[in-house]
Amino acid sequence: MAYPIEIILNRQLADCLAIPVFITDTVGNLLFYNEPAEEILGKRYQDTGEMKVEEWSTIFLSKDENGKLLEPEDLPLVKTLLNQLPYFKTFWIESLKGKSEKISVSSYPIIGRAGIFVGAVAIFWRPSDE
Amino acid sequence: MKITLWGVRGSIPTFNPSTKVYGGNTSCIEVEEDGCMLVLDAGSGITNLNFSNNLDCPRIDILLTHLHIDHIQGLSFFKPLFDPAKEVHIWGPHTHAHSLPTRLGRYFSPPLSPFYFRDLTCQLEVHEIGNSVFNIGPFTIQSAYVIHPGPTVGYRVTSRSGVFTYIPDHEPALGLSGLNHDIRWLSGSELAKDADLLLHDGQYTNEEYSVKKGWGHTTMEDALKYASFTKVKRLLLMHHDPTHSDAQLDACFAQLVEKADYPFPFEMAVEGTVIEI
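Respectively, the protein sequence lines represent chains A and B.
Going by numbering that gives the first Met the number 0, the first sequence opens with residue 0, and the numbers climb by one from there.
Going by numbering that gives the first Met the number 0, the second sequence opens with residue 0, and the numbers climb by one from there.
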């Protein structure tokens with residue numbers, strides 16, 4: 000079964016961008032991430048392929064500016080998946096190796112011509128990108 | 000299932016001595032089985048349809064892939080639309096912004112037309128479809144949105160005779176990396192998969208495509224790869240570029256045969272061809 004063309008077109012766009020982009024299905028399974036996003040995950044898409052939500056969501060920790068762990072419901076992508084609306088937030092991510100990085104995330108729902116919610120996109124902006 | 004190619008030219012009707020072999024009419028395909036008729040797209044080729052052969056047909060279904068002018072310009076000349084005794088169903092892609100009758104009404108209204116959509120005198124029903132499955136007579140039809148500017152669908156027509164897939168306007172290779180081998184990432188692949196016959200966009204040479212990315216069409220070579228990835232049994236390339244003469248299409252085909260090594264037969268679609276599957 001082919002993915003909806005809205006997902007395919009988002010991947011093709013992500014493929015052309017120099018900023019990290021993650022594309023998920025409606026429950027958060029990671030369908031695609033582009034080359035800039037590979038640096039954040041520390042993994043390569045050609046090696047991992049798609050990843051279940053429980054697998055990729057544990058690759059890095061999300062914290063506020065005081066170092067307190069953020070609840071999943073506070074994260075833009077999770078909110079987009081829950082509410083099918085766009086969100087934006089700046090926070091800190093910490094890799095499993097302990098490396099911390101300040102990041103801003105914009106997320107939006109993919110709702111195509113059929114009016115059906117088919118997935119979501121999260122774009123990660125580093126402060127130096129802003 | 001009898002398939003007649005009434006128009007296989009892309010973009011604009013192109014009638015001159017150099018296009019006599021492949022034909023100059025724009026997209027229109029007739030599909031017939033058990034006295035039931037489907038008309039896929041209503042380009043200028045629709046004027047070649049001979050309804051005297053189908054007097055027993057109680058209804059006619061016109062399945063539009065999209066509303067670009069080369070796919071609807073024949074509608075005004077489609078006699079059953081003006082026959083109160085005829086039941087005509089028009090199917091086309093749904094979009095949130097405007098209804099299908101509203102969008103068709105842009106064409107069926109002055110200054111493009113001397114009459115309005117509401118003036119059609121047939122027993123008309125309009126159906127908006129997207130990623131849909133529906134039945135018409137002996138046919139089960141699956142439609143799905145495909146990559147092309149504006150709302151556009153392709154069709155997979157299944158009957159007891161076999162499977163015919165029609166995607167005349169399609170740019171599955173749009174993007175940096177071109178066609179994806181994983182058919183889940185290939186627009187329209189659920190329509191084309193394992194089809195007995197795929198009639199697909201093959202408008203450009205590789206050189207032409209390099210300056211026409213995003214225009215919504217496919218190279219001949221990519222169409223072959225697409226057919227290979229989706230494991231179709233036979234491929235016909237259509238939507239011939241209006242600038243391509245018969246001689247150029249022959250030369251392109253010869254190059255494809257020389258370069259390609261695929262396990263399925265492929266040809267350039269020729270207007271007037273009748274195919275039984």
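If you are wondering where the hints come from, they were derived from the structure by calculation, not from laboratory data.
Don't be surprised by glycine CBs; every beta carbon is placed ideally from N, CA and C.
One thing to keep in mind: the hints can contain errors.
Claimed, not checked - Taking CB as the label site, the calculated pair distances span:
id	chain 1	residue 1	chain 2	residue 2	range
1	A	E53	B	Y261	54 to 62 Å
2	B	P262	A	G66	54 to 62 Å
3	B	T272	A	S103	51 to 59 Å
4	B	E207	A	G41	37 to 45 Å
5	B	P262	A	E53	58 to 66 Å
6	A	L69	B	R58	33 to 41 Å
Hint check results:
no. : hint                          : verdict
1   : E53(A) x Y261(B): 54 to 62 Å  : violated (41 Å)
2   : P262(B) x G66(A): 54 to 62 Å  : holds (60 Å)
3   : T272(B) x S103(A): 51 to 59 Å : holds (57 Å)
4   : E207(B) x G41(A): 37 to 45 Å  : holds (42 Å)
5   : P262(B) x E53(A): 58 to 66 Å  : violated (41 Å)
6   : L69(A) x R58(B): 33 to 41 Å   : violated (59 Å)
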